[in-house]
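Enquirer: Listed here are the chains, written in short residue letters.
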Amino acid sequence: MPEALIIPLDAESVKKLLGNAAALLKNAPGVEEIGDDYIVVVVPRLFGFGKRKVKLTLRTYEAQEAVLIVMRSGIESIVIAMDIVDTGEGTHIVVSGGGSGNVAKLVDQLVNTVRKNVESRISAAHPRIDLVDSDNRLAALEEPLPPRTTLVYFDSFTPVRDVPEEAGLRLLAIMGIDDYLTEITDYRGVYLARFVLRGNKLTGAYAEIGGRKAYGDEALALAKRPPGHRVKVKAWSLTGSSEIMLYEPEQIVSKDSHSLYWIGGSAKLEHGGLAPNTYVIVDNYEAMIVDPAGGERMVNTVRGVIGDMEQLRYVLATSAEADVEEGLRSLADLALRAAFVMPSYWGAQLASVNWDLAPRVQMLPERETKIKLGKTEILVIPSRSRGAPVASVYVPSSKTLITGPVMGVVTPPGMWSVRIDNLDDYIDSVKSYITHTNCSVEFHRWLDRVRRLDIEVLAPRYGPVIEGRDNVKRLLDSLAEEF
Amino acid sequence: MSQASRLDYRGYGPFLPYGSVERVLRDAGTVEVLVDNDTLPLLKRWATKRGYYAYIEDGNVVVLSLIPLEKEPGTRRRVERAVEKAAPEDVHLVVDEKAWRNDLSEKIANVTYIIGAVLKAPILYRGSPRSPAFRTLIATKKPMLVRVSLNATDYFMLLYGNHVLAAAQLGAPLTPEQTKTVLEQVEREDVLVTVYDASGLDIAKEVKA
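Just so you know, the sequences run in chain order A and B.
Residue numbers for the first sequence follow this note's numbering, beginning at 1 and rising by one.
Residue numbers for the second sequence follow this note's numbering, beginning at 1001 and rising by one.
There could be a bad hint or two in this list.
Said to hold, decoys possible - Derived lysine to any residue pairs resembling SDA-like cross-links, with alpha carbons at most 25 Å apart:
(1) A:16 with B:1191
(2) B:1142 with A:147
(3) B:1044 with A:421
(4) A:15 with A:119
(5) A:268 with A:418
(6) B:1044 with A:428
(7) A:372 with A:344
(8) B:1044 with A:16
(9) B:1044 with A:149
(10) A:268 with B:1126
(11) A:431 with B:1012
(12) A:473 with B:1038
To be verified - Where chain A lies over chain B, by a calculated footprint (3+ residues, C-beta under 8 Å):
(13) 1007–1021
(14) 1035–1042
(15) 1045–1059
(16) 1107–1115
Since the hints were made in silico from the structure, they are not lab data.
Here a beta-carbon is modelled for each residue, glycine too, at the ideal position from N, C-alpha and C.
Pulled out of the complex, with its shape left as it was, chain A reads as follows (with noise of 0.2 Å):
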């Protein structure tokens, strides 16, 4: 019985510390080159008499908890199965194998190699520690940061062993090498630890652990300790990266048993800049999630917030582009009892590219509309943008009022920010969003409807959160003046 490797990761950070899998055959014995499709091998005559050379073809595919690499010539084969499993607290590698003809007496050699690069692979992608005093001072945000500093990730994960290192390895993983400032925190409030990553070594650390505060090695000993519980990670990219991966839920709205969440998905802003929003209403144990954007993270980051997917009454696209029908796709094994909900027109379009969940999709119409959940009404209201009809939705329990694709702004790399940092910069971002994606009678027709209501946070499509009744007040009636 092959021994599983355990290594304190996801698996989706494990398969992409792997890499090629292919290239995990390398100097192996027996295998005397592998080429992009090909692999050839040295295997015994069959009678002892020397050694003879095997050209075998070299596939590899991935499945959800697997990963096979098969070769293959006629009946000479060999299949090396990688089975990686998240098991929550670490995953789980096992190296295994198999083959038929001559070849196969070199399944065990493979196996041992594979299993030995898949070590020193997620061993040297560990960050080395090498501390100095000024990143330790930017860990404890006594030195200013570089003016590039952009939010560049934010996730959560449960630690197993050492919290800094499992969190270097996670970003290294997804995010790639680059100078980051990154910082843990628990949900109790008792767990902090901030450290600076600068390719792969650990330059600087602080912590805040239980009253007391610490620098350079002493924080990374008190930080390594697994607060016993999830912690959040947030990564800034001190040269100002243009890629988002935003996956941990911020709380924008809680009162009693109403709360509003958003969820950033990710991004490549440098094309173009759009980064999407996705947002989860919770009302005394029923929710809804508008506008889901992005595959298998958005919907493992949603079930944090809801728990219970049963609890999932609506699924509400506001408009359903690219990035909403990939996340509706997602969502729609898992929310079995959920009503999926959009304006009609997307319901049309959504039907000719997803058969399966056409039927269960509920059109609203262009008329304002109200839907319950828990113990609040949420109103619909039509709008339009891009010529064709969406809708915007307001939570009179948060006194929210989520844009839908109405508006949005562009977030160039390097810029990006969960809630605003200069409103006047932001009513510029939005007039030029707007000037390019609505028509103006259209847009005065909404505004005129929006400003009417008593909105305390106004939840875009695109781009960072305005909070407050003034900023918002500031910013509609400035749209107001210029369309």
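Following the hints, put chain B in place on chain A, whose structure we already have.
Expert: Just chain B now, with coordinates in the frame of chain A:
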């Protein structure tokens, strides 16, 4: 005479291919970007946040540059001058063995010193060492610190113009011979270099001396 790079993104609104703009800027050193009027402030803010120099001119043109342009009227002329000044093809980094400074190599091998320096010094360039913008920079007679990221290892070199006067791998100073080997790899492989303006650092005074 070479032409200043010019990108026409009128009609794109704010949905610009920012990655492409950045690549052209890093390759050419200076670029004129034509955009819709409503996009001007956003593009300027973005460029400034990225550490570039941005000037709005002629209504809907944003001139972006890796280095500050001369303060004179007529940005387009300044762009042409910047391009004219671009270094000739044969400017490359060379190890100056006569002026080699072992003491400065020791200094830039010190992780504490380097990180302090990197945090303070403005970035002049980030990208390929094969681009004209990089050659333009190393043709200017000024002290610079170059970070070469090669095979997940960082090397730092102190330059005056295109002359390498000191070099180190973090934690270990390099000899001129070792530095030549690194430079060979820089020429041969696809590496990322970051050039910091070292004028404000203490090592700059020693270089000039």
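Enquirer: If a hint holds in the structure, say so; if it doesn't, say that too.
Expert: Cross-check of the supplied hints:
1. A:16 with B:1191: Holds - the C-alpha atoms of residue 1191 of chain B and residue 16 of chain A are around 22 Å apart, at most 25 Å.
2. B:1142 with A:147: Holds - the C-alpha atoms of residue 147 of chain A and residue 1142 of chain B are around 24 Å apart, at most 25 Å.
3. B:1044 with A:421: holds, 16 Å
4. A:15 with A:119: Roughly 13 Å between the alpha carbons, so the hint for residue 15 of chain A and residue 119 of chain A holds.
5. A:268 with A:418: holds, 16 Å
6. B:1044 with A:428: Roughly 12 Å between the alpha carbons, so the hint for residue 1044 of chain B and residue 428 of chain A holds.
7. A:372 with A:344: holds, 19 Å
8. B:1044 with A:16: violated, 36 Å
9. B:1044 with A:149: holds, 17 Å
10. A:268 with B:1126: holds, 19 Å
11. A:431 with B:1012: This hinted pair holds, its Cα atoms lying about 14 Å apart.
12. A:473 with B:1038: Holds, at roughly 22 Å.
13. 1007–1021: holds (count 8)
14. 1035–1042: holds (count 5)
15. 1045–1059: Check passed, 5 qualifying residues.
16. 1107–1115: holds (count 3)
Hint 8 alone, counting from the list given before, is not met by this structure.
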